[in-house]
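Asks: Each chain, letter by letter, is given below.
2 protein chains.
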Amino acid sequence: MQSTILNRRDIDFLLYEWLDVESLTSRERYQDHSRETFSAVLDTAEQIATDLFATHNKLSDANEPHFDGERVAIVPEVKTALDAFCAAGFMAAGHDYEYEGMQLPYLVTKAAGAWFTAANVATSAYTFLTMGNANTLLKTATPRQVERFVRPQLAGRFFGTMCLSEPQAGSSLSDITTRAEPDPVEGPEGERQYRLRGNKMWISAGEHELSENIVHLVLAKIPGPDGKLIPGVKGISLFIVPKYLVGEDGAIGERNDIALAGLNHKMGNRGTTNCLLNFGEGKFTPSGKAGAIGYLVGEPHKGLANMFHMMNEARIGVGLGATVLGVTGYLHALDYARNRPQGRHPAEKDPAKPQVPIIEHTDVRRMLLAQKAYTEGALALIMYCARLVDEQRTGASPEAQARAGMLLDFLTPIAKSWPSQWCTEANSLAIQVHGGYGYTREYNVEQFYRDNRLNPIHEGTHGIHGLDLLGRKVSIQQGALFKAVSEEVAATVAKARAADASDLTAHAGQLEALWARIGQVTATLYAAGDMNKTLANASLYLEAVGHVVIAWMWLEQALVAARHQDDDFYRGKLQACRYFFNWELPKSAQQLDLLETIDTTTLDMRDAWF
Amino acid sequence: MQSTILNRRDIDFLLYEWLDVESLTSRERYQDHSRETFSAVLDTAEQIATDLFATHNKLSDANEPHFDGERVAIVPEVKTALDAFCAAGFMAAGHDYEYEGMQLPYLVTKAAGAWFTAANVATSAYTFLTMGNANTLLKTATPRQVERFVRPQLAGRFFGTMCLSEPQAGSSLSDITTRAEPDPVEGPEGERQYRLRGNKMWISAGEHELSENIVHLVLAKIPGPDGKLIPGVKGISLFIVPKYLVGEDGAIGERNDIALAGLNHKMGNRGTTNCLLNFGEGKFTPSGKAGAIGYLVGEPHKGLANMFHMMNEARIGVGLGATVLGVTGYLHALDYARNRPQGRHPAEKDPAKPQVPIIEHTDVRRMLLAQKAYTEGALALIMYCARLVDEQRTGASPEAQARAGMLLDFLTPIAKSWPSQWCTEANSLAIQVHGGYGYTREYNVEQFYRDNRLNPIHEGTHGIHGLDLLGRKVSIQQGALFKAVSEEVAATVAKARAADASDLTAHAGQLEALWARIGQVTATLYAAGDMNKTLANASLYLEAVGHVVIAWMWLEQALVAARHQDDDFYRGKLQACRYFFNWELPKSAQQLDLLETIDTTTLDMRDAWF
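Residue numbers (my numbering), protein chains in the order written: chain Y, 12 to 621; chain D, 12 to 621.
I should point out that these hints are in silico values taken from the structure, not numbers from a laboratory.
Quick caveat, the model's predicted, so the values are computed rather than measured.
Check each hint, because a few of them may be wrong.
No copy labels: a pair is met if it fits in one copy or bridges any two.
Stated by the list, open to error - Here are the simulated lysine-lysine pairs, DSS-like style, with alpha carbons at most 25 Å apart:
#, residue 1, residue 2
1, K364, K313
2, K544, K598
3, K239, K313
4, K364, K245
5, K544, K360
6, K245, K360
7, K360, K239
8, K544, K364
Bound conformation, chain Y alone (with noise of 0.2 Å):
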């Protein structure tokens, strides 16, 4: 029976029909690998996801998890997946034997990923976290810390979180106030030694007692002569402060001082505890005294850079998360709509016919077509991202890892917001085709509505990604980024004017015409001569750009399979690909039009008006 998780011919389409994850095998780094190798850890991902994640999905939702004033209690079967998860080697599956992993190509764990994912997006954050927390150590921490906080992280024993917002602090990091005082002591960490003091929000799996210790990596200010924390930015530093000290042998210490204030009940995404942590209040008194321990990471006030390194990353975790919880709508959709009889065709007059699947009513398919478009138009996005980030890795040349690099900058808030924007519609669709029950808790997809809706926020909303791409990434290093697009784009137009089918010539067309579009609304929006003026509608720029991005991941699909016309799978693909140009990109050029106004509506909108 097919899974209603996730559909592995497609992503077997996207990783060796493709992206050719195949060739990654002759570079150094994957040349114990093979297709076997990849198949394998994908099989052993779906089977884990099929067995131990969907199968308390609803369960945790329904139980979330609940603090006592003590402790929080969490559903057994959330330990029992990660267990399993760990155990089979997932948490270190892309790093170094070194470190006891498995060196896979990042696209490879990505695509194994997903699966626990569109399983399980609550349990599965906590995964995600750690091996987040523990790439950013990688980078920047000394060789102690690694081997105090990242082999345990990547083992399974430990942990990690991001500790950033902060009640008063959310979008607007540079007004953080947890602060940093050194505390030097004897022995390793010497002068990296300091107490931090303060609150931070929105702190997904910031307490649980489902591993060992919690690393919390940490932003705060380390105050300045005049013991005042230095405004904006600049003064933030990054820190480790494990919720357990761990001794010169690794052993768990002491509690650290970090309490618990309190569990936010969301909406969705139920099953991962997201906190308000207070950080050295003196519930706890590490080394006799009050104050968190936190060790230094890297230089003091380059805490952001360093923690941006981690961001890129979440970010196309985010944008892999709200896509696979649109796949696996779709896949309940499709099952549903296959499977419920009700109504008859409109030409059949004979209310004693039996009623057909809704499956075929033409709105149905509509509904179907479009979560399909969207959803493997944004898988395939994601997937395009992380060989990116194998080619920015492993590159033939430092150039071809450099350009790789502005690629995935340039793509990284599409990747983001694309996914969160659209795939959250396909859950709405999902629901439809469900009818009433769609809307019921006795059936799967309006989980999955509530789940993804986080996604258009946490880890830089919707409007900072607006920014991002139109008052950053297109405009940095002389617009290098976009041009590197654009010739990507242009390599796509070409190949399907040469491919000879009448639809993807005339896909190629509309593609060019508009991604030449985009550019010249670009400039038309610097020349505006006012920064206010050029960023007004920048979160309209991003979906009108998302969508011009998306049809040219359906393009290089349909390119793809039109090779195999024949074929169901394929057939499904060109009709997508037909789908999302016909109904889906002439809401860009629309879009555009309005951009290259340089509408002022909403800057000209004073708040007594409302």
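Put chain D on the given structure of chain Y with help from the hints.
Replies: Chain D in isolation, oriented as in the chain Y frame:
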């Protein structure tokens, strides 16, 4: 302090400044009324909604009705609120003096009802179902049925339901299988008494102890002479099936044979019980034997036509519910945006400066302005429809009444569907304005978003209304309905041209051109020569026409506002109108372009290709 439930200023604007509700007081039915009585009713509604409905909205969401196998437990605040609603006379607010009603215009009753729905959609559902039930019976029931079942509902002693769907028959009512066998008795109901057997699904308010009795209005089929059910809608009849039989003196009698098989657990609207009911399975034995006793309403086999009296009213009610959930979400977001400091203006480079309220950020204003445009546009349409109901009932001539009926018939699918889609989108934007806080149950907006997602499903799905508009409403009576609406739009365009305001003149041109285009596209679709092609993209048609209708509503509002340009309230109206015409209306143009191609992408899609 400005209420976050609804904006009374806007309601007064719609009622008094635009729709001139005061002019109705010159009609005989409303002659006892005045602006003072209308305002007193609205004041009372606001007060009760604020004090008793809004106050338990989160409570009943978090503590949904619970069935222990015998009884349904509901938090007591629900009954307290409903009792106050009934005691204040709202159940019969629009009804004749003869029924202890207030004979208020329908428009005023909808404006008053809006307060309860916005404050607590789940609790107010009990009242709307009861009023719809009573109104259906008033049209078709015998005087004795009215005495026994309508009067107690209008007095708030009995509550009502509508029982249409069955597990195998949701959108396809022709497939219901509930049987009604004649069970003639001596006494007043005589030949009208039947015994019903079958299962009814999705019955809101189907079981509770909030009222002395529950009056179920049930669709069922009377078997033919061969004992078989007649296929199709022609076999359907309408029955009153009370939870408890009612004695000749009106006293509550025996329990009827209706059993609660289970409650549905919904994503939102959790405070309203939603039931699977088993009729006639023998759990109870009224008059000594199994079978639910029901009384035929109106003629046999005319059940669907009789029920549809209720459906049109219910559809406008759904549109109103969707709208005011959007409005209250908007008002919550506005309040948050004015009070939440975060970040600084783009030009402010000094991070030591205080953070600004987020309403200062253009992108936040965009999200608020979109919410204002969607929700106030939708509210205008609903109030316009309510005004048409008054015209249909009390218009100066039969021609005026008939014309109002035609406008109403055309607009009903839009009044139901457009707010369901776009005010849910407004609720999503309300979450986004709140950031992470909006995603938590500690704030209010996530509930509005969950509650509102029901509305595109019930009372006819989005797809059903698309078929109704394109397949029926535009073409019946030789296009007379479409012609009537076209004349009204043209009148608005003419007024806007005469207003001598450049913005409005431009908007008039846009509206006129798009309305003409709807006419052309409709003709093209009907010329397709194949109803499968004509109707394939009916949902898109519904959305395209809906946006143009809302633009018309905005131009109407702007015409009033343009007379008072110095006032903040009117400036806001004009700016929201500008937003709708610049940002939203072009979406229709793009959709009409697609419709004109008679695109067959969804029609051509095959099951096997998914």
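Asks: Please go over all the hints and tell whether each is borne out by the structure.
Replies: Okay, the hints, checked on the actual structure:
1. K364 / K313: Classified as between; 22 Å across copies, 71 Å inside a copy.
2. K544 / K598: Result: close both inside a copy and across copies, 22 Å intra and 23 Å inter.
3. K239 / K313: within (18 Å within a copy, 80 Å between copies)
4. K364 / K245: Intra 73 Å, inter 15 Å, cutoff 25 Å: inter-copy only.
5. K544 / K360: between (58 Å within a copy, 18 Å between copies)
6. K245 / K360: Intra 73 Å, inter 13 Å, cutoff 25 Å: inter-copy only.
7. K360 / K239: between (80 Å within a copy, 19 Å between copies)
8. K544 / K364: Classified as between: cross-chain Cα gap 23 Å, same-chain 61 Å, threshold 25 Å.
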